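Asks: Just so you know, the protein sequences line up as chains U and V, in that order. Numbered according to my numbering, the first sequence terminates at residue 521, and the numbering increases by one at each position without gaps. Numbered according to my numbering, the second sequence terminates at residue 933, and the numbering increases by one at each position without gaps.
The set of hints was computed from the structure by calculation and includes no laboratory data. Being a predicted model, the structure only gives us computed values, none of them experimental. Ideal Cβ positions, reconstructed from N, Cα and C, are used throughout, including at glycine. Please note: incorrect hints may appear among the correct ones.
[What the hints assert, rightly or not] Label-pair restraints from in silico Cβ distances:
id, chain 1, residue 1, chain 2, residue 2, range
1, U, Asp409, V, Gly563, 39 to 47 Å
2, V, Glu650, U, Gly283, 44 to 52 Å
3, U, Asp409, V, Val707, 51 to 59 Å
4, V, Glu650, U, Thr146, 42 to 50 Å
5, V, Phe539, U, Asp359, 42 to 50 Å
6, U, Ala281, V, Arg658, 54 to 62 Å
7, V, Asn849, U, Arg147, 29 to 37 Å
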Amino acid sequence: MPSFDAIVIGAGHNGLVCAAMLARKRRKVLVLEAGDEPGGAARTVEFAPGHSVSHVAHILSHLHPSVADTLMLERHGLRFAATEIPTVVLNGDGKHLILHGAFGERIEGDIGGADAAAWDALRTKLLAHSAVLQPWLARTPPRLGTRKTRDLLALGSLGLAIRRLGTEDMREFLRMILMNIADVLDDEIADPRLKGAVAFDAVLGTGLGPRSPNSLMSLYYRLAGETAGRQAALALPHGGMGAVVDAMVSALTGWGGEIRTGAVVERILVEDGRAAGVALAGGEEIRARVVVSGANPRTTFLELLGHRHLDTGFARRVSQIRMRGNAAKFHLALTGLPEFTGLDEGHLGGRLVIAPTIDHVEWAFNPSKYGRFSDSPVMEITIPTVSDPSLAPSGNHVLSAVVQYAPSDLGGGWSFSRTDFQAIVLETIAAYAPGIAGQVIATELLTPADLERRYRMPGGHWHHGDLGIDRMFMLRPLPGAAQYATPVPGLYLCGAGSHPGGGVMGAAGYNAAGRILKLER
Amino acid sequence: MAAEKPAPVKEFWPKDHFRKPLMETPFHDRIAALMRTGTWYGWGGYTVASVIEDKEVEYFAIRNAATLFDISPMVKYRISGPDAEAYLNRLTLRDVAGLAVGRVHYTAWCDDDGKVLDDGTLFRLSDWEFRLCCQERHLPWLLDSTPGFEVAVEEVTHRIAGLALQGPTSCSVLRRAGFADVETLVPFEMRNFSLPGANGVEVLISRTGFTGDLGYELFVPSDQATALWDVLWKAGRLHGLRATGSAAVDIARIEAGFIMARSDFIPSEHAVRENRRRSPFEIGLDWMVNFGKGHFNGRRALEEEKRRKSSRYVLVGLEIDGNEPAPNAIVYHGKTRRIGVISAAAWSPTAKRNIAIASLERPYGVRKTDDLWVEIYAMHELQYTKLMMRARVVERPFLKLDRRRATPPAAF
């Protein structure tokens, strides 16, 4: 007899959301987490004594409202330290641009009047196009090649949503959808700083450069998100990203769900062609009617389940999912607030972007294609202690940066080159904050190799696989497993590898739970 | 993967191979010496004979004496390793655990959608070593199936020469050639024998074949091929042994009811049109599909097909009135409704029946078997005669010979 209705592998935020949604419907749920505490890549970690930081994801841009509402995350303690944080586009000569509100609603800085108007028009258009995709985030994608009403209706509704943009915007949407962000920006606006920053947003967390095909699509993905009720707004949770997970854990346990940490799932058990439970490292077997994996799809299928339970063609397609992480995480513990040339203290609570021009981002991207890191990287920086002093001892600060490009398959391996790259990143920041080196108490660099090892994300890829248009919607992670169910009955996916993808959104877990509740009555 | 490194290409392909795109089989010199008709054609990259002397004479040698047929172009894979059995169980439809060492079984394999990629014979050489023989090349598929298994896959077509010795006197030929105890081989059994007169050369002999008659298939390293041929040729003189081309064998295989890839079904990897692919249920291989074992490629699709009874086609044997063979003819129900096509047809000289293998759209051939007609365009001296002949679904094989199974075989 199965002891649980469902076992969820991995207590990342998607696993927790899925488990909580199942527990809410009175399913007996057990979440198994390999690490010492829940949270996965949405965790607050003390990286130096007294200094904590959002260890992987550090800005909330996507937390899905259905997730926040259904799990009542605010009631479970989630608070924001800052909402609608501005983006500061750093410039070498101190002439920074500051983008206020959601996605540069208002720009502060010496931008020409004509360009300001052009930006307004482009911004409106991009947000409108992204909004078409927004309702899709919390839906199971339709299957292709069926004549089932549900699938046809879902496809039809996307068509209808595009049509509803109006003739003009629909044409624009269809004209632009496969473009790269560099061409779009060059077409519409002039300011190199603004172009650099938007191009950076489009390629953040991807294996793309601004001139790579369909890099506009990944910007749409980003802009489709909303935070605290505003599309494309950015926020910092109080207590770091771990606070989001704490609220989820509280919701889950409140509904009677269980979490076991330090439980490394080694194998998914299959009996009579159906997932029957899991085997842990050490040999313990736990049975359940349904097994849900928040782990990477490749890990789930090829390592936990195994080729023997899969067809050759399917296994081959799984092994071909692109999973080459390209972003590193960089943390500093500082004795005080760093001074950025041309910025005052008030600006430092926002997001600082080093991506001076499109070309600069593209140059940073180029070496990664050939397995080398960028020696002039681009990055986004937060100093969360500005709005949330609880993360460091009084007077001290922490700095957190996502740095690109740092390919997971670095030639020669990361252990050899990490100190070089760390020095480059610090130098790059110091170019804008000259005194920062003297304030450093502790430094931490998480290369894709570290992220892979610590967070069990192949390639250190936080989306569990590239988010290109060939891996979105009904193609994510691959046809045959794009509706959360897998070829093996009783086994489901609920992680970032599934639609709609990664970022602290929770929609994949939310959708998966809906699917499980529907199919496993 | 603990793959053994395959032999370098230059070992068997000379530098100027492109000047002569078809290779010669290891038996080529012997067959060329007998060749009268000049009807060479390409089979799997090799030059082989369609008819050596006379098609009818060669056919009647298969049924009344013995024949040698060069099957070297048959594609052969060596599959070895501790997980070879598990690998093949995942790859193919039948239960390989039930295949004992020293035995052969006829099997088939499918893609993810449960559509047949090919059929072939699987030889179990030892606990860990198998040989898979088939019509088409499948190395990419076989290699892509290896992850997760400790197994090595290697194509050995060029290294192993194959010779089919078929016909009622075939056992006598082998015995006279000095293969002691060969008469104890039962159908689908194989054993290694030493090649008489050649010190230490091993011949693998299996009691298998493509004719539905008493017969054997012999495998030797390619460089020993002519030695094997000579031993058999000499021993066969008093037993009516002839060399045969493929045309005569094709009649025999139709009589035996055997199907051929690309002829009676389109391997799913070759099909351009999706609805041309066939599941095992649609080409008469239902009996192979073993749902009692663990997972295998296409299993879920086939379970679904069986559960929903969604098979769209059926492969049947037809007996057609008259004596005009009906290759590629269209099959009708009630003379008007097109329900299928004939993929192989022959006048059976031994059964004296006009026979055919046909693919029909269900339910025709399953529940509706009456009122079937075949449209034959018979060309006689530049004049077409259109015949609409009645056809009946009959059992395959069309020709059942007791000597195929008798052990020991009678001495002729």
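Asks: The hint says 54 to 62 Å between U/Ala281 and V/Arg658; measuring C-beta to C-beta, is that right?
Replies: At roughly 42 Å between Cβ atoms, V/Arg658 and U/Ala281 fall outside 54 to 62 Å, so the hint is violated.
Asks: Could you tell me whether the CB distance from V/Phe539 to U/Asp359 stays inside 42 to 50 Å?
Replies: Once the Cβ atoms are compared, 48 Å apart, the range 42 to 50 Å for U/Asp359 and V/Phe539 holds.
Asks: Mind checking the hinted window 44 to 52 Å against the Cβ distance between V/Glu650 and U/Gly283?
Replies: Given a distance of about 33 Å, which is not inside 44 to 52 Å, the answer is violated.
Asks: Holds or violated: 42 to 50 Å for the Cβ distance of V/Glu650 and U/Thr146?
Replies: Once the Cβ atoms are compared, 44 Å apart, the range 42 to 50 Å for U/Thr146 and V/Glu650 holds.
Asks: Determine whether the Cβ-Cβ distance between U/Asp409 and V/Val707 falls within the hinted range of 51 to 59 Å.
Replies: holds, 56 Å
Asks: Holds or violated: 39 to 47 Å for the Cβ distance of U/Asp409 and V/Gly563?
Replies: Given a distance of about 44 Å, which is inside 39 to 47 Å, the answer is holds.
Asks: Kindly confirm whether 29 to 37 Å is satisfied by the beta carbon distance between V/Asn849 and U/Arg147.
Replies: Roughly 33 Å apart at Cβ, these two residues keep to the hinted range, so it holds.
Checked against the numbered hints listed earlier, the structure breaks hints 2, 6; every other hint is satisfied.
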